[in-house]
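The hints should help you fit chain B onto chain A, whose structure is shown.
This is what each chain is made of:
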Amino acid sequence: MRFAGLAMKRKQWEPLAFASPALALIAFVIVFPLVYSFYLSFQNFDLSVGPEYEYVGGKNYAEAIFRDSRFLGSVWNTALIIAPSLVLELLLGLGIAMLLSRVIHGRPIITALLAIPAMVSPVMAAMAWRMMYGVKYGAINNLGRQLGIIDVYFDWFSSPFVSILAVVLVEIWLNTPFMMLVLLAGLQSIPTELYEAARADGASPWQRFWSITLPLLKFTMAVGVMIRLIDLTKLFGLIFVLTFGGPGGSTETVAFTTYLMGFKDFRMSYAAALSYVIVGGVLVLTLVFIWMQRVREARAA
Amino acid sequence: MAIALERRVVATQRAKRHRLWRRVGHALTYLGLFAALVFFLGPFFWIVTTSLKGNEDFFAFPPVWIPVEPSLKHYAALFTRSSGARYFTNSMVLSTLSMISALVFSLPTAYSIARWRFGGGFLSIFLLVLRMLPAIALIIPIYIVYKLLGMTNNYLGLVVIYTVLYIPFAVWLLVGFLRDFPVEIEEAAMIDGCSRLRALVQVVVPIIAPGMAVVALFAFIATWNEFLFAIVLTGIETKTMMVLVTSFTSGGTDMFYGEASASVVLGVLPAFAVAFMLQRYLVKGLALGGTKG
Chain A
1 MRFAGLAMKR KQWEPLAFAS PALALIAFVI VFPLVYSFYL SFQNFDLSVG PEYEYVGGKN
61 YAEAIFRDSR FLGSVWNTAL IIAPSLVLEL LLGLGIAMLL SRVIHGRPII TALLAIPAMV
121 SPVMAAMAWR MMYGVKYGAI NNLGRQLGII DVYFDWFSSP FVSILAVVLV EIWLNTPFMM
181 LVLLAGLQSI PTELYEAARA DGASPWQRFW SITLPLLKFT MAVGVMIRLI DLTKLFGLIF
241 VLTFGGPGGS TETVAFTTYL MGFKDFRMSY AAALSYVIVG GVLVLTLVFI WMQRVREARA
301 A
Chain B
302 MAIALERRVV ATQRAKRHRL WRRVGHALTY LGLFAALVFF LGPFFWIVTT SLKGNEDFFA
362 FPPVWIPVEP SLKHYAALFT RSSGARYFTN SMVLSTLSMI SALVFSLPTA YSIARWRFGG
422 GFLSIFLLVL RMLPAIALII PIYIVYKLLG MTNNYLGLVV IYTVLYIPFA VWLLVGFLRD
482 FPVEIEEAAM IDGCSRLRAL VQVVVPIIAP GMAVVALFAF IATWNEFLFA IVLTGIETKT
542 MMVLVTSFTS GGTDMFYGEA SASVVLGVLP AFAVAFMLQR YLVKGLALGG TKG
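First to last, the sequence lines map onto chains A and B.
Just so we're aligned: the first sequence equals residues 1 to 301 in this note's numbering.
Just so we're aligned: the second sequence equals residues 302 to 594 in this note's numbering.
Looking at chain A on its own, in the form it has when it is part of the complex (with noise of 0.2 Å):
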C-alpha cells in the first residue's frame, strides 16, 4: 500500500493529464464560441449584408429588450406556452406517480410503457402529432366526428389561442412522462412507516396526501419543475414541426425566433445578442428559483 501512495504522490499532473482532453474539447467547442458570440453581439455582423462588421456598443441589446416586438412577443409566447405547460405536467405527472405507487402487479411495465414518450425526439413527436391534428385525415377531427363530438373538419392552428394549446398538449404528452418518473422515485423514498402510522392515528387518504406526502415530495417537485422550466426555455424542434411558429407569429418561442434571425434573416450579431438575452433570462430565472427554495426553507425552519 505504502507503494502505492508513493506511486499516487510523485505523479502529480495525472489528474490534470487524464481531464485535459475533454476540458481542451469544451475549451474549443463551448467556452471559445460563447466568448466569439460575447464578442459578436457588439458588432452588426449582417451575413445578408456583407462579410465587414464593426463595433457598434450595446445597440443590438437595447433593440432587443426595448424596440424587438417580435422578440418581446416571443418572450411573452415561451411565457404562455411554459406557465400551462409545467402546472399540467406536475399535476398530471404526480397524479399518475401516485397510481403507480398503489400498484401492486406490473407496476414495472406500466412505468416501461408510460416512460417511451420521455425518449422520443420533439421533432419526432410534433410530427406525430402534426398528422394527429390534421384537418381532414388527421385520428383528433376523425375520431371526434366519429364518436358525433364535432361536426366540422376543426383547424387547430387557425386562431393563436388553440395553437398555443396545441402545442402546450404536445408538449405535455412529451414530458409528463418525465416528471411522472421523478417524482415516482420521491414517492417510493417516503417511508411507509409515516402512513401506518399516519392511519393508525385516524388520518384520512386526503390528509395523509396533505401532511405527508406534500411537505416530503416538495424538494422533489421543486427540482423536477426547475430542470423542466429550463428546458423549456429551449423550446425549438417542436415550434419548428409544429406551426413554425404560426399563426402569426403567435408560437413563436424566444429560441425559434433567434433561430429564425440567425439563420432566415442572417443577422448574426443580433441574434448573437438575443442568444444573451436569454441565457440571461435563464440565469434569472434559475436564481431566482434557487432563492424562492431558500426562503421557503428558512421560512418552515
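Any given hint could turn out to be false.
Unchecked claim - DSSO-like mimics (lysine-lysine), calculated; alpha carbons at most 27 Å apart, straight line: (1) K136/A with K374/B; (2) K264/A with K59/A; (3) K448/B with K264/A; (4) K448/B with K59/A.
Don't read these hints as lab results, they were simulated from the structure.
Then chain B, alone, in the frame of chain A:
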C-alpha cells in the same frame, strides 16, 4: 356477551366496507392508469397503423383505424423516393460515433474527478452549468466558425459538437459508477506493474461496463434526437432522420401521411428500445442529460 357479539358484527361490517372501498380504489387506480396508457401510447398506435395504411384509407369515413390490408409501400417509398435509407444510416453512424467519442473523452475526466477530486467540486458545478446552457447560444458562433473552416455538411463537425454536448452528462454518471468501484483492485493491478491508464482500461472498464453501457445508450439516443445543430449544420448528404422529417411538413396540415408516418416510426424506434433497456436509470439520465435537442 351480547355487547361483544355486537362489537364483532360492527367490526366485520366495517372490515367488509373497508374491503369494498379498497376494491373500488383498486379499480379506479387501474382505470386511471389505463387512461394514461391510452393517452401516452395512443399516438404511437395511430402512427404505426397509419404508416401501414393504403392511400384510400386516409380519405375513408368512417376512418380506418386498423388497415385491413396492411402494406409496407410507404416504407418502400420513403426509402427510394426520399432517400430514407441514407438518412437513417446517417443518424445511425452519427449517433454511434458520438456515443463512442463521448465515452472515450468522458471516462478519464470522470476518473480524475472520482479518484483525485480534480477541480475540487468546481469542475462538477461547471459541468452542471453547461448542461443548462441553451444550444441556441452556441449555434450562431459555431455556424460562423464551421462555415469558415468548411466543416458544415460533415460528420466530423457534428460528432465533435455532440461529444462535447454529452461530456457533462457522461462525466456526471461515470463519476458515480467509479466512486462505487473499489480502489484496492486498481492499486493491486498497479503494484503488479500496470500503468494507471492500463489499469483503467483493462481492470476498471470491464467491471463498470454495465454503467458505461447506460451512459452510451443515453448519448446514442440524445444524438439521435438532436435537432438544432443537425438542421443548421447538415447538408443534402449528411441530413439525419430528424431533418428528413421536417421535409414532409410543406403542404399544410394534410400532407404526405404515408411517408411522413413511416419516417416517424423509424425515428422513434430507438426511443422504444432504449426506454425498456434503461428503465432503472431513466430518472437520473433524463434529469442530468436530457434526451431532447
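Here is what the structure says about each hint:
1. Taken as a hint, the K136/A and K374/B pair is honoured in the structure, with Cα atoms around 22 Å apart against an allowance of 27 Å.
2. Between K264/A and K59/A, the direct Cα distance comes to roughly 21 Å. Compliance with the 27 Å bound is thereby established for this hinted pair.
3. A threshold of 27 Å between alpha carbons decides the hint, and for K448/B with K264/A the separation of about 16 Å falls inside it, so the pair holds.
4. For the proposed pair K448/B and K59/A, the alpha carbon gap of about 26 Å is at most 27 Å, so the pair holds.
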